[in-house]
Amino acid sequence: QQPVQSPQAVILREGEDAVINCSSSKALYSVHWYRQKHGEAPVFLMILLKGGEQKGHEKISASFNEKKQQSSLYLTASQLSYSGTYFCGTEYDSGYSTLTFGKGTMLLVSP
Amino acid sequence: EPEVTQTPSHQVTQMGQEVILRCVPISNHLYFYWYRQILGQKVEFLVSFYNNEISEKSEIFDDQFSVERPDGSNFTLKIRSTKLEDSAMYFCASRVQGRANEKLFFGSGTQLSVL
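Residue numbers (my numbering), protein chains in the order written: chain A, 4 to 114; chain B, 33 to 147.
These aren't lab readings, by the way, just hints derived from the structure by calculation.
Bear in mind that the values here come from a model prediction, so they are computed numbers and not experimental data.
Incorrect hints may have been included.
Each computed DSSO-like pair below joins lysine-lysine, with the alpha-carbon atoms no more than 30 Å apart [unchecked claim]:
hint : chain 1 : residue 1 : chain 2 : residue 2
1    : A       : Lys40     : A       : Lys29
2    : B       : Lys74     : A       : Lys62
3    : A       : Lys70     : B       : Lys135
4    : B       : Lys110    : B       : Lys74
5    : B       : Lys135    : B       : Lys110
6    : B       : Lys115    : A       : Lys29
7    : A       : Lys106    : A       : Lys40
8    : A       : Lys106    : A       : Lys70
9    : A       : Lys53     : A       : Lys71
10   : A       : Lys40     : B       : Lys135
11   : B       : Lys89     : A       : Lys106
12   : A       : Lys53     : B       : Lys89
13   : B       : Lys89     : B       : Lys135
14   : B       : Lys110    : A       : Lys40
15   : A       : Lys53     : B       : Lys74
16   : A       : Lys53     : A       : Lys106
17   : A       : Lys71     : B       : Lys89
Some chain A residues judged to face chain B by a derived CB distance under 8 Å, without partners named [stated by the list, open to error]:
hint : residue
18   : Ala30
19   : Tyr32
20   : Ser33
21   : His35
22   : Phe47
23   : Leu52
24   : Phe90
25   : Thr101
26   : Gly107
Not close to chain A: a few residues of chain B, all C-beta gaps over 12 Å, as computed [said to hold, decoys possible]:
hint : residue
27   : Gly48
28   : Asp94
29   : Pro102
30   : Asp103
31   : Ile111
32   : Ser119
Built from N, CA and C at the ideal position, the CB exists for glycine as well.
Could you build all of it, start to finish, from the sequences and the hints given here?
As structure tokens, this is what we get:
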């Protein structure tokens, strides 16, 4: 079952903030966030497990709201290098399961 | 950091031909995956593989597709009779034990073009 991401695209100026959301209609066990640059493989950012934790990675952090079955990725003081497509991947089982990706959010940071 | 390697980086083939995409997962990883991404679209799951057999497959992974681990290091995806709509970037991925709290390591992909 595919997670739903929003928005589809975001255009920012350098230094601005953005939030990308990922939601599921089914109870989640984990949410993975990846960033993909054009023509390259997805690059891992972070994993959040159920329990409502928040994680940080440089100026990129994420939260997981178990009640809403939603994760949000926060990009603060965006840099040009943050441009790319952000995918969330979700899993519904703590055991051996399959990571299913959303359609992605395209982020463009301009000078 | 260890890497998943994929060959070739680009493959051009004629419709109806067979292609084999090759991957070398990270050596201590036990779970292997193939995903594909049609240009501009999302990364779609094809198949997962564990202990020399398919663990899970998607609707996309029909009889035209097969996977194999022919030796201790390679993991291959075969498309028997390619169609135009098989044109996509194919990513191999692996993780240690296939558990939901583990990071997925992606290879750099094989761009398949079916003419």
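Verification of the hints:
1. Taken as a hint, the A/Lys40 and A/Lys29 pair is honoured in the structure, with Cα atoms around 29 Å apart against an allowance of 30 Å.
2. In summary, the hint linking B/Lys74 to A/Lys62 is supported, as the alpha carbons are separated by about 25 Å, within the 30 Å threshold.
3. The hinted pair formed by A/Lys70 and B/Lys135 meets the criterion: a straight-line CA distance of about 24 Å does not exceed 30 Å.
4. Restraint check: the Cα-Cα separation between B/Lys110 and B/Lys74 comes to about 21 Å, which is no more than 30 Å; the hinted pair holds.
5. For the hint pairing B/Lys135 with B/Lys110, the CA-to-CA distance comes to about 25 Å; that is within 30 Å, so the pair holds.
6. Between B/Lys115 and A/Lys29, the direct Cα distance comes to roughly 34 Å. Violation of the 30 Å bound is thereby established for this hinted pair.
7. Of the pairs offered as hints, the one joining A/Lys106 and A/Lys40 holds, with about 15 Å between alpha carbons and a cut-off of 30 Å not exceeded.
8. In summary, the hint linking A/Lys106 to A/Lys70 is supported, as the alpha carbons are separated by about 23 Å, within the 30 Å threshold.
9. As the CA atoms of A/Lys53 and A/Lys71 are separated by approximately 11 Å, the hinted pair is consistent with the 30 Å bound.
10. This hinted pair checks out: A/Lys40 and B/Lys135 have alpha carbons roughly 18 Å apart, not beyond 30 Å.
11. Of the supplied pair hints, the one linking B/Lys89 and A/Lys106 holds, its CA atoms being roughly 19 Å apart against a limit of 30 Å.
12. Pair hint A/Lys53 plus B/Lys89 holds up; C-alpha atoms about 25 Å apart against a cutoff of 30 Å.
13. Restraint check: the Cα-Cα separation between B/Lys89 and B/Lys135 comes to about 20 Å, which is no more than 30 Å; the hinted pair holds.
14. Between the alpha carbons of B/Lys110 and A/Lys40 the distance comes to roughly 27 Å, so the proposed pair stays at or under 30 Å and holds.
15. The suggested pairing of A/Lys53 with B/Lys74 holds, with an alpha-carbon distance near 24 Å, which does not exceed 30 Å.
16. Between A/Lys53 and A/Lys106, the direct Cα distance comes to roughly 22 Å. Compliance with the 30 Å bound is thereby established for this hinted pair.
17. Restraint check: the Cα-Cα separation between A/Lys71 and B/Lys89 comes to about 28 Å, which is no more than 30 Å; the hinted pair holds.
18. Look at A/Ala30: its Cβ only gets to about 12 Å from chain B, farther than 8 Å, so that hint breaks.
19. Against a cut-off of 8 Å between C-beta atoms, the interface hint on A/Tyr32 holds, since the closest Cβ of chain B lies about 5 Å away.
20. At about 4 Å, the closest approach between the beta carbon of A/Ser33 and any beta carbon in chain B falls short of 8 Å, and the interface hint on this residue holds.
21. Taking 8 Å as the C-beta cut-off, the interface hint given for A/His35 holds, the closest approach to chain B being about 7 Å.
22. Contact between A/Phe47 and chain B, as hinted, is supported at the beta carbon level, the nearest pair being about 5 Å apart and thus within 8 Å.
23. Proximity of A/Leu52 to chain B holds as hinted, the smallest CB-CB distance being about 6 Å (cut-off 8 Å).
24. The interface hint given for A/Phe90 holds, since its Cβ lies 6 Å from the closest Cβ of chain B, which is under the 8 Å cut-off.
25. At a threshold of 8 Å, the smallest CB-CB gap from A/Thr101 to chain B is about 5 Å, leaving the interface hint in force.
26. For A/Gly107, the interface hint holds, since its Cβ comes within 8 Å of a Cβ in chain B; the closest pair sits about 6 Å apart.
27. Distance to chain A confirms B/Gly48 as a non-interface residue, since its nearest Cβ pair spans about 27 Å, more than 12 Å.
28. With a least CB separation of 17 Å from chain A, B/Asp94 remains clear of the 12 Å interface cut-off, as annotated.
29. Distance check for B/Pro102 against chain A: the nearest CB is about 23 Å away, which clears 12 Å, and the non-interface claim stands.
30. No beta-carbon of chain A is positioned within 12 Å of the beta-carbon of B/Asp103; the least distance is around 24 Å.
31. With a minimum CB-CB distance of about 20 Å to chain A, B/Ile111 clears the 12 Å threshold, and the non-interface call stands.
32. At roughly 15 Å from the closest C-beta of chain A, the C-beta of B/Ser119 stays outside 12 Å, upholding its exclusion from the interface.
When the structure is compared with the earlier hints, violations turn up for hints 6, 18 and for no others.
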